Amino acid sequence: EPEVTQTPSHQVTQMGQEVILRCVPISNHLYFYWYRQILGQKVEFLVSFYNNEISEKSEIFDDQFSVERPDGSNFTLKIRSTKLEDSAMYFCASSSETRAEQYFGPGTRLTVT
Amino acid sequence: AQSVTQPDIHITVSEGASLELRCNYSYGATPYLFWYVQSPGQGLQLLLKYFSGDTLVQGIKGFEAEFKRSQSSFNLRKPSVHWSDAAEYFCAPSGAGSYQLTFGKGTKLSVIP
Numbered sequence: 001e002p003e004v005t006q007t008p009s010h011q012v013t014q015m016g017q018e019v020i021l022r023c024v025p026i027s028n029h030l031y032f033y034w035y036r037q038i039l040g041q042k043v044e045f046l047v048s049f050y051n052n053e054i055s056e057k058s059e060i061f062d063d064q065f066s067v068e069r070p071d072g073s074n075f076t077l078k079i080r081s082t083k084l085e086d087s088a089m090y091f092c093a094s095s096s097e098t099r100a101e102q103y104f105g106p107g108t109r110l111t112v113t
Numbered sequence: 001a002q003s004v005t006q007p008d009i010h011i012t013v014s015e016g017a018s019l020e021l022r023c024n025y026s027y028g029a030t031p032y033l034f035w036y037v038q039s040p041g042q043g044l045q046l047l048l049k050y051f052s053g054d055t056l057v058q059g060i061k062g063f064e065a066e067f068k069r070s071q072s073s074f075n076l077r078k079p080s081v082h083w084s085d086a087a088e089y090f091c092a093p094s095g096a097g098s099y100q101l102t103f104g105k106g107t108k109l110s111v112i113p
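Taken in sequence, the protein lines are chains S and P. 72 is the number that this note's numbering gives to position 72 of the first sequence; each next residue is one higher, with no gaps. 61 is the number that this note's numbering gives to position 61 of the second sequence; each next residue is one higher, with no gaps.
These are computed hints drawn from the structure, not numbers from a lab. Hints may contain errors.
[What the hints assert, rightly or not] Computed, partial: chain P to chain S, Cβ under 7 Å: (1) Gly43; (2) Leu44; (3) Leu46; (4) Lys49; (5) Ser52; (6) Gln58; (7) Phe67; (8) Tyr99; (9) Phe103; (10) Lys105.
[As the list claims (entries may be wrong)] On the chain S side, residues computed to face chain P include the following (Cβ under 7 Å): (11) Phe61; (12) Thr76; (13) Glu101; (14) Gly107.
Note that the structure is a prediction, hence the values are computed from the model and not measured. Beta carbons are placed, not taken as given, at the ideal position from N, Cα and C, and that holds for glycine.
Could you put the whole structure together from the sequences, leaning on the hints where they help?
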């Protein structure tokens with residue numbers, strides 16, 4: 001069964017450093033998403049991406065964040081200058097249509113020290 | 001404002017007992033509705049979905065959910081719980097005109113052997 005994959009599974013970085021989280025969505029899906037889950041809190045939407053542009057973003061997704069689909073398979077989330085409060089589990093998801101069920105990857109645990 | 005509520009933070013049931021996890025939503029129009037499960041250290045797995053039509057929907061792992069428009073609820077049920085069902089369960093509506101899922105705070109299920 002096709003699945004969403006994410007790399008790395010765990011990333012440790014120092015405050016102020018740039019990080020790139022990578023995702024490979026399900027191959028025939030057209031909509032891509034990033035969510036995050038701070039430890040002990042609920043899953044929060046960050047951004048959705050379709051047709052090579054952002055279709056929706058939350059207040060969390062400020063200028064420090066960016067997304068890109070650099071090729072036909074990868075979908076990335078970049079945090080330009082990490083802060084301690086960016087420490088969280090970041091989930092990538094994809095769907096075949098808008099508002100269809102979203103399939104999630106296993107997540108990348110980001111730890112900012 | 002759109003919101004979702006899972007009133008029960010933690011539920012403990014005995015193996016073989018029935019289960020009902022509550023979800024209430026507040027949206028202007030009936031949203032699409034999803035239940036996801038997250039096992040410790042794992043990603044989010046889709047259990048079932050409701051878009052329209054039959055108000056009782058079947059999902060994976062023997063779960064079902066019933067949509068009740070009059071109560072703005074979408075409760076998750078299972079007739080007989082297995083020890084492997086111990087996990088955290090999230091209700092996640094998706095509103096009209098939106099790409100994002102809005103996750104509830106989750107209900108943690110513990111199963112007593």
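For each hint, the structure was consulted:
Taken as an interface hint, Gly43 (chain P) checks out: its beta carbon lies about 4 Å from the nearest beta carbon of chain S, inside 7 Å. Interface restraint check for Leu44 (chain P): the shortest CB-CB distance to chain S comes to about 4 Å, inside 7 Å, so the restraint holds. Given the 7 Å rule on beta carbons, the hint for Leu46 (chain P) holds: about 5 Å separates it from the nearest Cβ of chain S. Hint status for Lys49 (chain P) relative to chain S: holds, with the closest Cβ pair at about 5 Å, below 7 Å.
Interface restraint check: Ser52 (chain P) against chain S, minimum CB-CB distance 12 Å, threshold 7 Å, status violated. Checking Gln58 (chain P) against chain S: minimum C-beta separation of about 14 Å lies over 7 Å; hint violated. With a least beta-carbon distance of about 15 Å to chain S, the hint placing Phe67 (chain P) at the interface is violated under the 7 Å criterion. Annotation: interface hint on Tyr99 (chain P) holds; nearest CB of chain S at approximately 4 Å, less than 7 Å.
Interface restraint check: Phe103 (chain P) against chain S, minimum CB-CB distance 4 Å, threshold 7 Å, status holds. Satisfaction of the interface hint for Lys105 (chain P) is found here, the shortest Cβ-Cβ separation to chain S being roughly 5 Å, below the 7 Å cut-off. Because the closest C-beta pair between Phe61 (chain S) and chain P is about 11 Å apart, greater than 7 Å, the hint is violated. Hint on Thr76 (chain S) is violated. Least Cβ distance to chain P is approximately 18 Å, over the 7 Å limit.
The criterion of a C-beta within 7 Å of any C-beta in chain P is met by Glu101 (chain S), whose closest approach is roughly 5 Å, and the hint holds. For Gly107 (chain S), the interface hint holds, since its Cβ comes within 7 Å of a Cβ in chain P; the closest pair sits about 5 Å apart.
When each numbered hint is compared with the structure, violations occur for hints 5, 6, 7, 11, 12.
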